[in-house]
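4 protein chains.
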Amino acid sequence: MTSGGVLTVVSPQRVGSPTWLYQLSKAGKLCVPAMNVNDSVTKQKFDNLYCCRESILDGLKRTTDVMFGGKQVVVCGYGEVGKGCSAALKALGAIVYVTEIDPICGLQACMDGFKVVKLNEVIRHVDVVITCTGNKNVVNRDQLDRMKNGSMVCNMGHSNTEIDVASLRTPELTWERVRPQVDHVIWPDGKRVILLAEGRLLNLSCSTVPTFVLSITATTQALALIELYNAPEGRYKQDVYLLPKKMDEYVASLHLATFDAHLTELTDEQAKYLGLNKNGPFKPNYYRYTSR
Amino acid sequence: MTSGGVLTVVSPQRVGSPTWLYQLSKAGKLCVPAMNVNDSVTKQKFDNLYCCRESILDGLKRTTDVMFGGKQVVVCGYGEVGKGCSAALKALGAIVYVTEIDPICGLQACMDGFKVVKLNEVIRHVDVVITCTGNKNVVNRDQLDRMKNGSMVCNMGHSNTEIDVASLRTPELTWERVRPQVDHVIWPDGKRVILLAEGRLLNLSCSTVPTFVLSITATTQALALIELYNAPEGRYKQDVYLLPKKMDEYVASLHLATFDAHLTELTDEQAKYLGLNKNGPFKPNYYRYTSR
Amino acid sequence: MTSGGVLTVVSPQRVGSPTWLYQLSKAGKLCVPAMNVNDSVTKQKFDNLYCCRESILDGLKRTTDVMFGGKQVVVCGYGEVGKGCSAALKALGAIVYVTEIDPICGLQACMDGFKVVKLNEVIRHVDVVITCTGNKNVVNRDQLDRMKNGSMVCNMGHSNTEIDVASLRTPELTWERVRPQVDHVIWPDGKRVILLAEGRLLNLSCSTVPTFVLSITATTQALALIELYNAPEGRYKQDVYLLPKKMDEYVASLHLATFDAHLTELTDEQAKYLGLNKNGPFKPNYYRYTSR
Amino acid sequence: MTSGGVLTVVSPQRVGSPTWLYQLSKAGKLCVPAMNVNDSVTKQKFDNLYCCRESILDGLKRTTDVMFGGKQVVVCGYGEVGKGCSAALKALGAIVYVTEIDPICGLQACMDGFKVVKLNEVIRHVDVVITCTGNKNVVNRDQLDRMKNGSMVCNMGHSNTEIDVASLRTPELTWERVRPQVDHVIWPDGKRVILLAEGRLLNLSCSTVPTFVLSITATTQALALIELYNAPEGRYKQDVYLLPKKMDEYVASLHLATFDAHLTELTDEQAKYLGLNKNGPFKPNYYRYTSR
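In order, the protein sequences belong to chains Z, R, Y and P. All the letters of the first sequence, read from the start, carry residue numbers 1 to 292 under the UniProt record's numbering. All the letters of the second sequence, read from the start, carry residue numbers 1 to 292 under the UniProt record's numbering. All the letters of the third sequence, read from the start, carry residue numbers 1 to 292 under the UniProt record's numbering. All the letters of the fourth sequence, read from the start, carry residue numbers 1 to 292 under the UniProt record's numbering.
It is worth saying that the hints were derived from the structure and are not from the lab. Don't take each hint at face value.
Pairs involving identical chains hold if they fit within one copy or between any two copies, as the list cannot separate such chains.
Claimed, not checked - Within a straight-line C-alpha distance of at most 30 Å, the following computed BS3-like cross-link-like pairs (lysine-lysine) qualify:
#1 K26 to K118
#2 K118 to K278
#3 K148 to K283
#4 K191 to K278
#5 K283 to K191
#6 K118 to K246
#7 K272 to K246
#8 K191 to K26
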């Protein structure tokens, strides 16, 4: 992805941030300017929150035809992906529990109406376990052993490490492939746990990504490349940068027409009152863009 | 608020950020280190998003006994406050329109299911206008003239400038105080528009702030003062700082017990995988904490 | 309420149906035709479902300033009132449990995303208990003894019998009136339970009824009286009747203009296909008008 | 479906009621007792409300991969099916309009936060049209002509008559099958309207029915047959009956275990107070079982 001394990076999986790129930079091994487009606001919201809000439903339906109403679900991790998944499932009548390591995200889950629990507190009685953590071994063999017959487990977070799938490849357990991407793992007592996509990303394996989301991502990348290419000598050093906010806003504005959305323009008086340029950027860099 | 060379600032109104403090710093007139506690994550979410989600309902009910179901409402501004107000009203059966100047927030409103319009497109037929912008003259006399009989207008944003109330103090309009904080402004043709709190903040004037929110705010301020006081020489210069993320997380963790929320602890292996300290902070500084 | 041989009955409390009127009829003691307007569709939905969806929030806020987000609430009874209360609280971030005696309503609660429990399973850890049953002693002294410090209990159902308030008037408990309609009942160990309106109806005691709801109710009653008065000899005998569906529809149609709602008219071809008169009634008598 | 003098009827399409059976009875041509299981409470809610709430999402995703967030959708008909479809789409961020012929259902749509419009008012700008009416020619050629490029139309109601598909089979329009169940109908100016399942039922053609729903339906039918077979001479004449409420409740109670739902039992004192048998039935025949 190097291109004449510039580098844009799209995190291939949703890990919250392209950690390795920052590590490269920290180690002094980054030889070109890089732009972390993964953490631009617009791309983040669409790739993670808005897209996963729909693809969790899509992925579960296409693989298992499960009814959501009344199901007990535990969502591990309440970042953007976890927020999207839990909101969608709750909206369709599921009872959702959340696990978190971060007290701020944990408090957000409380305020959004989710009981924050340790996985062990609910693992015996939930119908569905969904990992959205960016972490590894979030669901381990011990917990899989305690899941109930007919329950299912899947990964919406990143990579294939969140569920300890390797621990299920032992002689006493039988695997039965019931359809593509759907395995029944069978315990000696006959208990079946339904594993989706062998623990790889459910939304990439078993659902589709709407073209609208792809358009957001592609636009963000293209603008980042244009910026790196056109930037005057010295604006960017061998470091990792976030997309300039104005470009982030530009990506969003290009996609508003789809929704027939009409923005309001600041008057001169208002722009002066707010200390803003009428064309943006409209927010300080540390602004967080809560979704709701 | 200066205290032996330290300064913490709580924005007296919700304006998104304590703009004037940054202006002071920029002008080189800040003579002590200052901490912008207003923009700490936990305080922001509670003061703005979570609190306003409830107080918009409370404020409207206590003043007007209005039924929310079926009402057409326009929320001006889709920041934290606007997000809270529109989510609550939608949840109770109102039809909500949103106005925005920022394309990112506008796109968020679209994805949350709100039609993004210019105020002029809907002003004639809405039942309620709510300002949440941090801006001035968002609703002007021309628009007030076009509001329908019995409609109401109120401010959840900041100060008393968002609605151009001064423009309503002209001879041809009659003001009738129907109860505390509630005025009927009467046009020559008999049309009445209901103005709440004379355009001052509805939630401060006409509803209550739950003690839980006050606890979050007070804890944040106290920790900021302690940090500034205890910090080793040189950690803070004459500049504006955000609350260290670890303290932000600490505020949140102190309030989790109320909800009987149980956080998960990272294993050593997981902490290493994520490159995190097991005790936090858990997120990079640019992380945005979407609410949903 | 007798009027020249006619009788319309509005249930003074929401008990699901004016039971005593049917008992009178069964006993042969009804001396005039009577119309059970309480169970007309339009009135039922507004008095119970739509009104309580808002007044539970209003009543709790005005009396206690409680924050809804993250609160654990148990709603006893999942009829129209219970459905309204639980939907509103869930929408504002509370975690809601439901108790039911009727398997159909219990299954509805499941599909709406509420855990159906026995009161004893959750009484120790909930923050709020709300009765909506039409029954008596739904919360008894034994359960009140087990509620936690600072929790609250109120009645949205009917009468003042749902919470066994009499059982709290014993020497070892101290009552402290902290504001009108709000009592702290104090146990010997210092535990306080907050009792609202002394167990009478929260929405009648501590919140307001929107004029729109009153308009629906008054219109329904007036039309019932007109029908009974104008009906040809013999249409109504000494029995209890439901409001004719066409009148029920007429009440609704009179209130649509408020919402600028535009109904569609059947074409002749469509009316014939459906076997309906173009002016209604549009549904068979047994139709149930699910709200969602 | 006659069986030794008994007849149970499951409406093959969701038309609100098995109209023809009542017509047969009215015409005196029914030669055996018949049970209208279609209108038993439990079956109705699951087949129509709860099932369609999920299958509208599933059907649209599998056929078109559309993103729901921000889409403008019109749902024609606000019965059980329309309520399910509009609630689900709204929950996922779509902006939903509703058309209705019945003022009661229209008022319900208002209170649920949907703008009630005539189809012609919105047909030019909506992205998706969904019919749920039980009626015919609800979307006619004139309206299809005015739909915008890229918009889609589908039927969730009954049969294949709701969209006037026949009117699209004219020489100037080109049909292009882009995948199974998905046709692009192309106007001379290049405009494409996406027609799903050629106007037949989307949920039967393009999504799956969860086994839980099938279990509810099968149980209801089986119990109806058992009742008709076992009933003492004379209980049922050559007429159409609804499933006895107690059996309806029994169907529900058999399915509660799936959700680990725990019903509350009436005490003797409570049963007496309510005038109910402790084992049910718990509601009068005219009770309507609002869902929310």
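Task: Identical-chain pair category, K118 with K246, by Cα at 30 Å - done: Between copies only: 22 Å across, 41 Å inside.
TODO: Classify it for me, K118 with K278: is the Cα-Cα distance of at most 30 Å met within a copy, between copies, both or neither?
DONE: between (48 Å within a copy, 16 Å between copies)
Task: Homo-oligomer pair classification [K278, K191; C-alpha up to 30 Å] - done: neither (63 Å within a copy, 35 Å between copies)
Open item on the list: As a check of your reading, is K26 near K118 (CA-CA no more than 30 Å) within one copy, between copies, both or neither?
Closed with: neither (34 Å within a copy, 46 Å between copies)
TODO: First find the shortest C-alpha distance between K191 and K26 inside one copy, then the shortest across copies, and answer within, between, both or neither for a cut-off of 30 Å.
DONE: neither (48 Å within a copy, 53 Å between copies)
Task: Up to 30 Å CA-CA - K246 versus K272, copy category - done: Within one copy, since 18 Å is at most 30 Å while 36 Å is not.
Task: Alpha-carbon proximity context of K148 and K283, limit 30 Å - done: neither (48 Å within a copy, 34 Å between copies)
Open item on the list: Reference check for the pair K283 and K191, CA-CA at most 30 Å: within, between, both, or neither?
Closed with: This pair counts as neither: shortest intra-copy Cα distance 53 Å, inter-copy 39 Å.
When held up to the earlier numbered hints, the structure conflicts with 1, 3, 4, 5, 8 and fits the remainder.
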